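*Asks:* For the record, the sequence lines run as chains W and F. Sequential numbering of the first sequence, starting at 1, is according to my numbering. Sequential numbering of the second sequence, starting at 1, is according to my numbering.
Since no wrong hints were added, every one of them can be taken at face value.
Put simply, identical chains are the same to the list, so a pair is met inside one copy or across any two.
Here are the computed lysine-lysine pairs in the DSSO-like style, where the Cα-Cα straight-line distance is at most 27 Å: (1) LYS10 with LYS308; (2) LYS55 with LYS28; (3) LYS228 with LYS323; (4) LYS258 with LYS284; (5) LYS108 with LYS228; (6) LYS221 with LYS256; (7) LYS256 with LYS28; (8) LYS4 with LYS323.
Hints listed in this document are in silico derivations from the structure and should not be mistaken for laboratory results. Quantities reported herein were computed from a predicted structural model and do not represent experimental measurements.
Here are the chains, one letter per residue:
Number of protein chains: 2
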Amino acid sequence: MERKVIEAYKDCDYKLNYHGSRNVQVLKDSLDQIDGETYADIYGQGTLINDFEEKMALMLGKESAVFYPSGTMAQQIALRLWCDEVGSREVAYHPLCHLEIHEQDGIKELHQIHTFLLGEENRLLTIEDIKGLPTSVKVLLIELPQREIGGQVPSFDALVEIRDYCLEKGIRMHLDGARLLEVLPYYQKTAPEITTLFDSVYISLYKGINGVAGAILAGPKDFAVHSKVWKRRYGGDLISLYPYILAADHHYELRKDKFVDYYELCRLMAYRINQCPHMVTEPKIPVSNMCHVHMDMPLEQTAAVLEKVYSETGIGLTPSIMKEDENTSWFAVTTGDALREAPSDVIDRLFDKLKSEMEIV
Amino acid sequence: MERKVIEAYKDCDYKLNYHGSRNVQVLKDSLDQIDGETYADIYGQGTLINDFEEKMALMLGKESAVFYPSGTMAQQIALRLWCDEVGSREVAYHPLCHLEIHEQDGIKELHQIHTFLLGEENRLLTIEDIKGLPTSVKVLLIELPQREIGGQVPSFDALVEIRDYCLEKGIRMHLDGARLLEVLPYYQKTAPEITTLFDSVYISLYKGINGVAGAILAGPKDFAVHSKVWKRRYGGDLISLYPYILAADHHYELRKDKFVDYYELCRLMAYRINQCPHMVTEPKIPVSNMCHVHMDMPLEQTAAVLEKVYSETGIGLTPSIMKEDENTSWFAVTTGDALREAPSDVIDRLFDKLKSEMEIV
Numbered sequence: 001m002e003r004k005v006i007e008a009y010k011d012c013d014y015k016l017n018y019h020g021s022r023n024v025q026v027l028k029d030s031l032d033q034i035d036g037e038t039y040a041d042i043y044g045q046g047t048l049i050n051d052f053e054e055k056m057a058l059m060l061g062k063e064s065a066v067f068y069p070s071g072t073m074a075q076q077i078a079l080r081l082w083c084d085e086v087g088s089r090e091v092a093y094h095p096l097c098h099l100e101i102h103e104q105d106g107i108k109e110l111h112q113i114h115t116f117l118l119g120e121e122n123r124l125l126t127i128e129d130i131k132g133l134p135t136s137v138k139v140l141l142i143e144l145p146q147r148e149i150g151g152q153v154p155s156f157d158a159l160v161e162i163r164d165y166c167l168e169k170g171i172r173m174h175l176d177g178a179r180l181l182e183v184l185p186y187y188q189k190t191a192p193e194i195t196t197l198f199d200s201v202y203i204s205l206y207k208g209i210n211g212v213a214g215a216i217l218a219g220p221k222d223f224a225v226h227s228k229v230w231k232r233r234y235g236g237d238l239i240s241l242y243p244y245i246l247a248a249d250h251h252y253e254l255r256k257d258k259f260v261d262y263y264e265l266c267r268l269m270a271y272r273i274n275q276c277p278h279m280v281t282e283p284k285i286p287v288s289n290m291c292h293v294h295m296d297m298p299l300e301q302t303a304a305v306l307e308k309v310y311s312e313t314g315i316g317l318t319p320s321i322m323k324e325d326e327n328t329s330w331f332a333v334t335t336g337d338a339l340r341e342a343p344s345d346v347i348d349r350l351f352d353k354l355k356s357e358m359e360i361v
Numbered sequence: 001m002e003r004k005v006i007e008a009y010k011d012c013d014y015k016l017n018y019h020g021s022r023n024v025q026v027l028k029d030s031l032d033q034i035d036g037e038t039y040a041d042i043y044g045q046g047t048l049i050n051d052f053e054e055k056m057a058l059m060l061g062k063e064s065a066v067f068y069p070s071g072t073m074a075q076q077i078a079l080r081l082w083c084d085e086v087g088s089r090e091v092a093y094h095p096l097c098h099l100e101i102h103e104q105d106g107i108k109e110l111h112q113i114h115t116f117l118l119g120e121e122n123r124l125l126t127i128e129d130i131k132g133l134p135t136s137v138k139v140l141l142i143e144l145p146q147r148e149i150g151g152q153v154p155s156f157d158a159l160v161e162i163r164d165y166c167l168e169k170g171i172r173m174h175l176d177g178a179r180l181l182e183v184l185p186y187y188q189k190t191a192p193e194i195t196t197l198f199d200s201v202y203i204s205l206y207k208g209i210n211g212v213a214g215a216i217l218a219g220p221k222d223f224a225v226h227s228k229v230w231k232r233r234y235g236g237d238l239i240s241l242y243p244y245i246l247a248a249d250h251h252y253e254l255r256k257d258k259f260v261d262y263y264e265l266c267r268l269m270a271y272r273i274n275q276c277p278h279m280v281t282e283p284k285i286p287v288s289n290m291c292h293v294h295m296d297m298p299l300e301q302t303a304a305v306l307e308k309v310y311s312e313t314g315i316g317l318t319p320s321i322m323k324e325d326e327n328t329s330w331f332a333v334t335t336g337d338a339l340r341e342a343p344s345d346v347i348d349r350l351f352d353k354l355k356s357e358m359e360i361v
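For reference, chain W alone in the conformation it holds in the complex (with noise of 0.2 Å):
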């Protein structure tokens, strides 16, 4: 039946999710106005790569930046870094981190580091969750939005009475900002307001900025020059990286000024999935460009309403839907490029025939 909703989304005329398929002209794109004679960044040297990551390190208000293939790879080496500078191997995270869930345990199998899972699940952390580790945790890593709870953040005076905790018992801190950009319209802040309150960041390239791949981590300078000697060992030290580099420069010239749309569209969104009966958003009013949908009906039923709702209409809002429990399901809306640029009337549309079949479910 899941099966079903993504071929059914497939064949829509609006598939409004994200910023459209990931195909090879995302890359194409990036390359039509680059001169063929350009030469390629060679082991991490020359303009095509140096210039991006000055560019990345002012635009995120940290000293150096260091282009990565991975932020799996660029998150792990900033959290050995700094547990080296500590001399601990122990890293505090939320239970939900991408480096707990997402990467078979490379920090623990490649660094013997040990972490500790902050709060719950279903929540963000808090400050009380921090105050209760053992002292001898000195590294943490906070998400900004939280991607498994639906895309949530703390406010920012949270976030600075944390810093200024961190700050007292030196404890270093390391942001997970994969969709930073995708938070400062909620925020009302610039990169480098919220960055400041980190030692290091690591923004995602590919997700609201839908390049091909990659990632930026940055920090201070000391920390930037020994994550290349780790990038080297990891081997993501690539003779080349200059496909990612440019679709990411393409890509984020394209859309750094769009992500208040990205907002804006979201929450519209949000209100409308609320009108619907058997739907709830998580967050209620979205912080960024996302937010979880939770159906209080089993799997198979929300698969036969999506796929009829998108048969229907031609319009298909997203291809993946999720069990929660036996009674219980859920997807993720992202918003981007998709909906911004369908017609205006797709939305209403949409809804329309999303709510009467959601009312006689």
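Since chain W is already given, all that's left is putting chain F on it; use the hints.
*Replies:* Relative to the frame of chain W, chain F by itself:
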């Protein structure tokens, strides 16, 4: 002075090293025939990546192949998997193995693997070296051809003898075949005829093939499956690797039948070089598309002569020269499309000038 050689090389009308400049055109050429609607690979899944992996498995005569962003990552993982299988953390390889000298000790830092160095820096390892290993060492890496000593290889019979010994002793053999395709014409063997002597094999996709970056690790099916867990741990399981895969496939098809030419051109170059005073190639007769050139004069003097030859002929042999000791220097010659596509009188003009300049040194 070395700087001036690089500049003079860049200004040459004919740059004879390898396949020409590493520039963005290498990627652009690969995408020209690709439909923009082609779906990206997603975390190692999708026909784009899986078809190429199957093609490479078949070409290499192994059950399965996995695409990696780098050989550094692929080989560390291969050795770790064989270590786990034999239940030790010990690996043997040549003192100038890539893992020992170019990877910031990644295998030691990330896996606590102890390495045994076989034989001596300036020669190939032999079966006698292997017989001298402690019996606890059950994992062996052999590089064919061995880059750091001019691309030398043992005879096929010597490889068979090593294989027989290792089978008897339960030693797993991994092939560093970064440049494996480059030595097949010398061996007059197919890739599977060589790789059947090894439990696993890595090949590079950007050296002789001239892709942008990337590597293939091939071996038994279980080995490939387990390697993907480590690929995820390393942060090598990128959301999309297609820029490297499309480039590798395009350039592999362009060059797979040209390695015989590259090999013959290299023997020709070595013959001409050895006729010049002060210059000796290693090996005397190349067995691949590469050789080293040893000069019985200091770096500065070699640089001065080459810079003069390049400037006055507009023909460049190689951009990089290295110091050997106070009185000697060396550089690598690698043959590829650049030489293959140069007009026929270019080599004559280069060597006429080079020989006459060397005669008056």
